[in-house]
Amino acid sequence: MNDKMLDIIGLADEKYLLEAEAQPARRIKHTRRFSAGMIAAAAAIGLMTVTAGAVAINSMFNKEEVNRFYNNSQTAEQIESHGYADGRSVENGHFRVTIQSFVSDDYRGQLVLTTEALDSQGEQYMKDLNGEFSFDLIYTDTGEAALEGADAMGTEEYSAGKPMTHECDLEYQIGKQYSIDRSRPLAVKVVCTLPTEKTEKVLEKYQDNALFEGLSFDITPSDYFKSKMLYSADGKELYVSEITVMAMGDQDEEDMSDRYFEIKYRDGTVRSCWGLRTHGGPYYNSDSEKYIGWYWAVRELLDVDSIESITFNGVEYNG
Amino acid sequence: MTDSELIGLYNARDESAVSETKRKYGSYCMTVAQNILRSSEDAEECLSDALLAAWKSIPPAQPENMQTFLGKLTRNAALSRWRKLHTGKRGSGRIELLLEELSDAAASDDALDRLEDVMALRETFNRFLGSLKKEHRIIFLRRYWYMQDVAEIASALGLSESKVKTVLHRTRKKLKKALESEGSI
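In order, the protein sequence lines correspond to chains W and R.
If you count the first sequence from 1, position 96 lands on 96 in this note's numbering, and the numbers rise without skipping.
If you want this note's numbering, it's the position in the second sequence, counting the first as 1, plus 319.
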């Protein structure tokens with residue numbers, strides 16, 4: 001076809017362009033579906049199932065599934081060599097869920113999960129919901145929910161009978177409302193996906209969460225990730241870890257316009273943010289009660305030691 | 320620097336208007352161009368083209384919103400560049416994919432010919448946008464104006480990719496209907 005449609009769409013009024021551009025980047029849905037008490041009880045049941053030995057623990061780290069999530073075909077090797085590979089599986093007769101890897105830094109975490117239907121009920125759910133799940137994050141010391149109903153987004157459309165890989169991004173601080181204490185013991189609990197306009201009817205039969213009992217893992221945010229601070233000529237700071245680039249002085253929560261960055265490595269290689277970044281936005285700090293910077297989540301493991309400089313929104317930061 | 324101060328520099332033919340515009344909106348324009356061209360080098364050239372176009376058009380133009388004004392100049396520059404680079408080629412790139420998607424929305428040539436007048440097209444298209452639910456409008460414009468990937472839209476808006484795809488599919492169908500019915504008047 002010709003490309004006339006692109007010109008027609010180019011005629012959109014400015015008010016609509018501003019509306020589309022001004023939407024804050026937000027990644028994790030946290031619609032409250034249950035009372036805190038119900039969550040705590042559900043979490044306790046899930047965790048008891050784990051400790052009662054009803055759940056198999058295997059080593060099922062799968063490089064192919066991990067690379068399906070990351071942009072770079074070498075990332076699974078790096079994940080393994082840096083000690084972020086996991087491979088634990090839990091199953092409850094309906095589903096097997098495998099935690100492939102977990103990478104964490106000071107501000108964010110990045111989980112890769114694989115789910116697989118084990119019986120006809122599990123398969124039906126996968127078909128009905130295109131393999132979509134959500135997950136809760138539970139403090140295992142108290143059973144309280146740290147986060148509810150975050151998206152475990154599939155990396156591709158569900159294909160019947162095949163395992164499906166999901167990306168789970170965690171921001172330890174989500175807006176002003178949610179703050180996850182990464183120093184406390186945490187568990188990821190896989191649950192039924194949240195209803196959307198399209199799936200509301202279909203989901204009614206799954207809302208008791210019976211299909212998902214026991215699908216829970218303990219996770220420990222690593223203290224050994226690589227990160228460093230870079231500085232601009234006028235002393236501004238930029239945090240870079242293997243999975244995050246964050247300009248620390250950028251606190252303008254009103255200005256949601258896009259930020260652009262470019263990484264220059266010591267060997268002269270330059271990588272633009274295109275293809276590297278996924279989602280981002282202003283990052284809130286509950287201790288200081290203010291936004292502390294603008295972050296971009298990176299879908300690759302950055303070689304932090306080899307970075308010479310990063311230009312973020314036109315400002316150069318050096319190590 | 321505020322937009323009105325920036326426009327004041329253009330009106331006074333002060334060349335620092337260009338560098339100040341680049342400082343304030345360069346990143347935004349680069350993203351618009353990158354979304355279309357996927358090349359930093361080409362995007363940089365589009366940014367220069369857009370800044371030159373802004374310099375030439377203000378005055379007499381006095382944009383109410385510099386960001387969208389520059390965004391439009393950059394998008395036009397990037398599409399021109401993309402067309403120049405792809406003349407006579409049948410590619411399998413992302414813009415081709417996007418055009419393939421939009422074939423759902425394409426009204427017949429007859430209907431479009433009857434809407435050939437740009438003002439009539441603008442009015443019809445914006446009436447269509449105004450008729451959409453806000454969330455659907457944002458998803459549609461992010462995909463086909465800003466040319467973001469489905470995954471990127473899903474991620475930014477906290478939606479599943481399948482929901483974004485469903486909304487896009489339905490909206491394209493509605494657009495076709497709107498263009499066909501307006502063009503048949």
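No wet-lab data here; the hints were simulated from the structure.
Treat the hints with caution; some may be incorrect.
Okay, derived cross-link-like pairs now, EDC-like style, lysine to aspartate or glutamate, Cα gap no bigger than 16 Å in a straight line [what the hints assert, rightly or not]:
id: 1; chain 1: R; residue 1: K375; chain 2: R; residue 2: E419
id: 2; chain 1: R; residue 1: K341; chain 2: R; residue 2: D368
id: 3; chain 1: W; residue 1: K4; chain 2: R; residue 2: E363
id: 4; chain 1: R; residue 1: K403; chain 2: W; residue 2: D3
id: 5; chain 1: W; residue 1: K228; chain 2: W; residue 2: E156
id: 6; chain 1: R; residue 1: K453; chain 2: W; residue 2: E14
id: 7; chain 1: R; residue 1: K484; chain 2: W; residue 2: D7
id: 8; chain 1: W; residue 1: K15; chain 2: R; residue 2: E415
id: 9; chain 1: W; residue 1: K63; chain 2: W; residue 2: E80
id: 10; chain 1: R; residue 1: K495; chain 2: R; residue 2: E454
id: 11; chain 1: W; residue 1: K162; chain 2: W; residue 2: E123
id: 12; chain 1: R; residue 1: K391; chain 2: W; residue 2: D234
id: 13; chain 1: W; residue 1: K264; chain 2: W; residue 2: D305
id: 14; chain 1: R; residue 1: K391; chain 2: R; residue 2: E415
id: 15; chain 1: R; residue 1: K484; chain 2: W; residue 2: E308
id: 16; chain 1: W; residue 1: K15; chain 2: R; residue 2: D333
id: 17; chain 1: R; residue 1: K453; chain 2: W; residue 2: D234
id: 18; chain 1: R; residue 1: K495; chain 2: W; residue 2: D7
id: 19; chain 1: W; residue 1: K4; chain 2: R; residue 2: D368
id: 20; chain 1: W; residue 1: K15; chain 2: R; residue 2: E363
Query raised in the report: Is the straight-line distance between the alpha-carbon of K228/W and that of E156/W 16 Å or less?
Result: violated (33 Å)
Query raised in the report: Is the Cα-Cα distance between K15/W and E363/R 16 Å or less?
Result: violated (26 Å)
Requested in this report: Compare the distance between the alpha carbons of K264/W and D305/W with 16 Å, and conclude whether the hinted pair is satisfied.
Outcome: holds (12 Å)
Query raised in the report: For the pair supplied as a hint, K15/W and E415/R, is the alpha-carbon distance within the 16 Å limit?
Result: violated (27 Å)
Query - Given pair status - D234/W, K391/R, alpha carbons within 16 Å - result: Given pair K391/R, D234/W is violated - Cα atoms ~33 Å apart, limit 16 Å.
Requested in this report: For the pair supplied as a hint, K4/W and E363/R, confirm whether the alpha-carbon distance does not exceed 16 Å.
Outcome: violated (25 Å)
Requested in this report: Take a quick look at whether K375/R and E419/R sit within 16 Å of each other, Cα to Cα.
Outcome: Violated, because 35 Å separates the two Cα atoms, which is more than 16 Å.
**Report entry** Distance restraint between K391/R and E415/R, which requires alpha-carbon spacing of 16 Å or less
**Finding:** violated (20 Å)
Query raised in the report: Does E80/W lie within 16 Å of K63/W when you go C-alpha to C-alpha?
Result: The hint holds at about 9 Å.
**Report entry** Hinted pair K403/R and D3/W, Cα distance within 16 Å
**Finding:** holds (13 Å)
Report task. Assess, step by step, whether the Cα of K495/R is no farther than 16 Å from the Cα of E454/R, and give holds or violated. Result -> violated (19 Å)
Requested in this report: Quickly compare the C-alpha distance for K495/R and D7/W to 16 Å and report which way the hint goes.
Outcome: The hint holds at about 15 Å.
When held up to the earlier numbered hints, the structure conflicts with 1, 3, 5, 7, 8, 10, 12, 14, 15, 16, 17, 19 and 20 and fits the remainder.
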